[in-house]
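A.B. asks: Here's the letter readout for the chains.
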Amino acid sequence: MTSVAEILKGDRLAISRLLTEIENGTSEGKRTLNELFPHTGKAHIVGITGAPGTGKSTLVNRLAYEYRHPSRDRPPLSVAVVAVDPTSPFSGGAVLGDRIRMRDVAGDPGVFIRSMASRGSLGGLAQTTAGLVQVFDAAGFEVILVETVGAGQAEVDIVDLAHTTLVLEAPGMGDDVQTIKAGILEIADILVVNKFDRPGAKNTLRFLKNMLRQFDPEERYELHHGQRSPFPDLPITESEKNKPGWDPPILTTIATSGEGVSELVERITNHRNFLLSSKRWSLKEERRIKREMDTMLQRELLIKWRDSTSSTLYQRTLKKLVKREISPQRAVQFLLEGDQ
Amino acid sequence: MEKSQKKIKVLIAKPGLDGHNRGAKVVARALRDAGMEVIYTGLRQTPEMIAEAALQEDVDVIGLSILSGAHMALAPKILEEINNTGLEGVKIFLGGIIPEEDKPKLKELGVHGIYGPGTSTKTIASDIRKASS
Ligand SMILES: Nc1nc2c(ncn2[C@@H]2O[C@H](COP(=O)(O)OP(=O)(O)O)[C@@H](O)[C@H]2O)c(=O)[nH]1
Ligand SMILES: [Mg+2]
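Going down the list, the sequences are from chains A and B.
Numbering-wise (the working numbering), the first sequence opens with residue 1 and increments by one.
Numbering-wise (the working numbering), the second sequence opens with residue 1 and increments by one.
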């Protein structure tokens with residue numbers, strides 16, 4: 001039995017065990033999450049996405065350190081890290097290597113680092129990442145850094161989870177029109193050119209600046225985001241729509257030395273303040289929680305449907321489909337409405 | 001779609017000062033290919049760092065690679081630190097060049113399995129699976 005009280009007071013062993021329960025989808029984990037949920041909503045959730053090798057883990061290490069030991073006049077904040085790495089589709093196993101880069105905050109009781117495998121989920125996060133974040137939130141961690149897999153096209157899942165999304169680019173990663181994907185500008189609240197010590201970094205920066213100049217902030221992902229869910233969002237009021245928006249800044253960092261990281265934390269904090277002052281924080285929260293519910297609803301509906309549908313009907317329909325006697329469209333109709 | 005379920009979680013750590021981690025990496029990959037989730041922490045881990053990582057990652061198994069010959073100094077310290085975390089039932093495996101005469105002492109301390117160089121990764125994977133079932 002996981003005690004909610006133990007989590008709320010930040011007991012590390014209890015937290016760690018609960019994270020495992022949630023990752024494994026146990027009823028114990030779900031029950032505890034239900035009880036913890038009213039205690040969430042306080043943390044600043046920051047997503048870090050970008051292609052593998054751009055320096056996400058190294059930067060997370062520096063960000064965590066800067067939050068713990070502010071080089072400017074900021075109070076130190078407690079930090080949880082959730083680092084997601086891909087599950088091998090062949091074996092179902094994974095090598096989670098992000099901790100290698102996160103050594104500077106080792107031994108700090110104000111930091112908790114948890115690695116997780118994506119376990120077959122696409123979109124840059126695991127199905128249970130949001131649950132893990134909720135545990136850290138309830139346990140009182142003030143900042144939660146979420147490192148995505150980084151292998152997907154545009155890893156939009158992180159936008160649903162994070163208040164502030166950083167998109168990392170680095171020189172020498174083939175920084176041209178093909179690899180700096182359309183889509184990243186829509187999801188970035190802050191763009192970061194990391195590895196600014198490497199040759200070609202200035203070109204990457206110039207290129208991104210040009211792209212950003214051509215970019216219409218109205219196309220920002222959060223504005224027409226409801227399309228991802230079949231269920232309509234709560235409407236945005238006219239006054240919300242007309243509020244001045246956020247212009248994503250481009251920052252440069254050298255994560256290996258820590259250069260630019262203090263400035264980056266400053267901007268991340270600014271973004272949080274912007275969200276709070278413009279009421280977008282609550283708007284974002286509203287939509288974030290709604291999307292989580294929608295995703296869960298779709299998942300559970302599928303399970304419910306599967307449990308109530310005979311597997312013979314499924315197999316029979318599949319056979320007809322494979323023989324091309326019926327179209328996929330018809331097949332779905334059979335499965336949902338019966339084979340009349 | 002893959003259903004989420006209990007996965008065996010293994011922490012692979014290299015305590016001590018020697019700089020070779022090829023063996024540890026090979027084992028990490030082999031365990032991944034055996035369907036396990038392997039947290040790889042890299043070189044020069046202190047006993048405190050290993051215990052902290054084990055606690056935060058809630059692992060079932062810890063694989064230690066010690067080539068420096070310092071196993072008799074390191075293993076007891078690491079086991080003690082892990083006990084201090086309150087984690088229960090974590091199985092410790094040790095890889096490296098361990099002299100025969102040291103093995104009984106290590107087992108007595110609570111080391112679950114000891115593997116010399118050249119041990120088949122299949123053997124290691126199947127031993128881990130048995131130990132954590
Ligand atoms: N030169 C240089 N190398 C960096 C920098 N940041 C990260 N790296 C290196 O890039 C490699 C990949 O970093 P990692 O953080 O694992 O990237 P991730 O896959 O995005 O998490 C490592 O070898 C880092 O040491 C940087 O600012 N400059
Ligand atoms: Mg990484």
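Bear in mind the hints are in silico, worked out from the structure with no lab data behind them.
Mixed in with the good hints, there may be bad ones.
In silico DSS-like pairs for lysine-lysine, Cα to Cα no more than 25 angstroms straight-line [to be verified]:
1. Lys122/B with Lys103/B
2. Lys9/A with Lys42/A
3. Lys30/A with Lys9/A
4. Lys30/A with Lys6/B
5. Lys25/B with Lys6/B
6. Lys130/B with Lys30/A
7. Lys304/A with Lys6/B
8. Lys105/B with Lys130/B
9. Lys91/B with Lys105/B
Between beta-carbon pairs, the in silico distance windows are [stated by the list, open to error]:
10. Phe90/A with Arg44/B: 30 to 40 angstroms
11. Pro52/A with Arg22/B: 15 to 25 angstroms
12. Leu8/A with Arg22/B: 21 to 31 angstroms
13. Pro99/B with Pro52/A: 33 to 43 angstroms
14. Met72/B with Leu122/A: 46 to 56 angstroms
15. Arg72/A with Glu108/B: 51 to 61 angstroms
16. Asp102/B with Lys202/A: 48 to 58 angstroms
17. Leu109/B with Ser3/A: 44 to 54 angstroms
Positions of the beta carbon are idealized from the N, C-alpha and C atoms, including for glycine.
A.B. asks: With reference to the structure, classify each hint as holding or not holding.
C.D. replies: Status of the hints after comparison with the structure:
At roughly 21 angstroms between alpha-carbon atoms, Lys122/B and Lys103/B fall within 25 angstroms of each other, so this suggested pair holds. Only pairs whose Cα atoms come within 25 angstroms are accepted, and Lys9/A paired with Lys42/A is accepted, the gap being roughly 15 angstroms. As the CA atoms of Lys30/A and Lys9/A are separated by approximately 19 angstroms, the hinted pair is consistent with the 25 angstroms bound. As the CA atoms of Lys30/A and Lys6/B are separated by approximately 15 angstroms, the hinted pair is consistent with the 25 angstroms bound.
Distance restraint check for Lys25/B and Lys6/B: the Cα-Cα separation of roughly 23 angstroms lies within the 25 angstroms cut-off, and the hinted pair is therefore satisfied. For a cut-off of 25 angstroms, the pair hint linking Lys130/B to Lys30/A is broken: about 28 angstroms separates their Cα positions. As the CA atoms of Lys304/A and Lys6/B are separated by approximately 22 angstroms, the hinted pair is consistent with the 25 angstroms bound. Taking the CA atoms of Lys105/B and Lys130/B, the gap is about 22 angstroms. The hint holds against a cut of 25 angstroms.
This hinted pair checks out: Lys91/B and Lys105/B have alpha carbons roughly 16 angstroms apart, not beyond 25 angstroms. A beta carbon spacing of about 32 angstroms between Phe90/A and Arg44/B agrees with the range 30 to 40 angstroms that was offered as a hint. Restraint check, Pro52/A to Arg22/B: a C-beta distance of roughly 21 angstroms satisfies the suggested window 15 to 25 angstroms. Look at Leu8/A against Arg22/B: about 44 angstroms separates their beta carbons, and that is not inside 21 to 31 angstroms.
Between Pro99/B and Pro52/A the beta carbons are some 41 angstroms apart, a value that agrees with the proposed interval 33 to 43 angstroms. For the pair Met72/B and Leu122/A, the beta carbons lie near 47 angstroms from each other, so the given range of 46 to 56 angstroms is met. A beta carbon spacing of about 53 angstroms between Arg72/A and Glu108/B agrees with the range 51 to 61 angstroms that was offered as a hint. The hint said 48 to 58 angstroms for the Cβ distance between Asp102/B and Lys202/A, and at roughly 56 angstroms that hint holds.
Leu109/B and Ser3/A have their C-beta atoms about 32 angstroms apart, which leaves the hinted 44 to 54 angstroms range violated.
In summary, the numbered hints that this structure violates are 6, 12, 17.
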